[in-house]
Amino acid sequence: MRVTDHHDLGGRLAGRIDRSERTPVFWEKRLEAMRDCLARRSCPVMRVDEMRRGIEELEPDLYDDLDFYKRKTLAIRNVLVEKGVLGADDLERRATELRCGREKDLVVAANLPDPRADGHAHDHRDDYRIDEFELISEAMIGALVDHGLLSAEALRAGVERAEMAGTAVGARIVARAWLDPSFKGRLRANGKTAMAEMGIEALETQIIVVENSPSLHNLVVCTLCSCYPRSILGSPPSWYVGKAYRARAVREPRAVLAEFGTLVADDVDVHVHDSNADMRYMVLPMRPSGTADWPEAKLIRLVTRDSLIGVTRARPPDQLDGNAE
Amino acid sequence: MTQPFGIGDRVRVRDVGAIGHNRTPRYVRGKVGFIERCCGAFPNPEALAYGGDGLPKKHLFRVCFLQKDIWPNYEGTRRDAVEVEIYEHWLQGVEKP
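Protein sequences, first through last, are from chains A and B.
Straight run, no breaks: the first sequence in the working numbering ends on number 325.
Straight run, no breaks: the second sequence in the working numbering ends on number 1097.
Keep in mind that a hint or two might mislead.
Straight-line distance between alpha carbons at most 35 angstroms, and here's what the computed DSBU-like set of lysine-lysine pairs gives [said to hold, decoys possible]:
1) Lys83(A) - Lys1057(B)
2) Lys1058(B) - Lys192(A)
3) Lys1057(B) - Lys29(A)
4) Lys70(A) - Lys192(A)
5) Lys184(A) - Lys1031(B)
6) Lys1057(B) - Lys243(A)
7) Lys1068(B) - Lys192(A)
8) Lys1068(B) - Lys83(A)
Quick caveat, the hints were computed from the structure, so don't treat them as lab data.
From just these sequences and the hints, can you work out the full model?
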């Protein structure tokens, strides 16, 4: 196996960005938490760099055909087996046991009456559908726990921690920066330490906060993989980790922005930040006009996930949801 | 550790056919930009990816490139830019024109 350039997408030809969204399902969250736990041990079991190398060594056809989490699953498995941390036969045996368990559940579920006949909205029999990559991931988790390389409690805590990250965290930071110029200065000088003042602990090496202005619009991408300030903003949107965005955001940012409905005038510069190494980025969008006397809690509601990536601006006041103040 | 480059220095990204994992995108190889900031020194990901400890640490720089210098027929303004993190061993100093 060797690394190819197939993952290095910046500037390649690509079509329209598919903006349909898909939130990670539970096994995918466990996979991410497992990866994080393995890297954070005092003697890391697998570093994120090793996983990236594993993804880059996937055959180009696999890289193209598998979605983001499936690629990660396969790469982690390959790296852990290559390093001798886990055994391929043991993983196969565990996956087979898990599959048998699921098949039994499927049989039971298939014999249940269709709940939708009673007006139930969701057919829970779908929950027992078998995903082969989920079986691989859960087999790895089981083996790692049994070998003492992963604590079930740390895994659970990792999933919980990830679920607490999200747009709301970024929105609080932005609203504080809008209201407090000296905080904004500290945020731009050192994102992590400024966020820590608010009790927000970013786990990344550093978060660089780039500020939009009347003469500058910022956009964030990771052309090589999917780097994103996950510990504060949660999982990136599906399109962010998709190939079209990764290829086109550096090459034709204004066209990409237009696809998101964001038009940038010619007298405004566009700076694209490729999050390709150890830094992570968050855009500080401009404070919408007409909000001069707004309290922090109301300003927070103007900050969207997409404005923190830079594909859109913050919501204007007249687009705020019509909820009570 | 002394830094090999200062803010504002013009640098070119080495255009070497790298073997193995690295974090230098192909679209900036051979291109000239300027140092926007030094991000610090970190273990070398090219070694970490293969189980090494990545030491000694290498300086990581944010390099600012004008888009018009990267892409033929760039469709944007002449001051549009892309900022990319490049490790010191990928950079060489360039004299100001």
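A quick look at each hint next to the structure:
1. Lys83(A) - Lys1057(B): Holds, because 24 angstroms separates the two Cα atoms, which is no more than 35 angstroms.
2. Lys1058(B) - Lys192(A): 21 angstroms, holds
3. Lys1057(B) - Lys29(A): 32 angstroms, holds
4. Lys70(A) - Lys192(A): 31 angstroms, holds
5. Lys184(A) - Lys1031(B): Given pair Lys184(A), Lys1031(B) holds - Cα atoms ~33 angstroms apart, limit 35 angstroms.
6. Lys1057(B) - Lys243(A): 31 angstroms, holds
7. Lys1068(B) - Lys192(A): Distance of about 33 angstroms is within 35 angstroms: holds.
8. Lys1068(B) - Lys83(A): The hint is violated at about 44 angstroms.
This entry does not satisfy hint 8, going by the numbered hints stated previously; all others are met.
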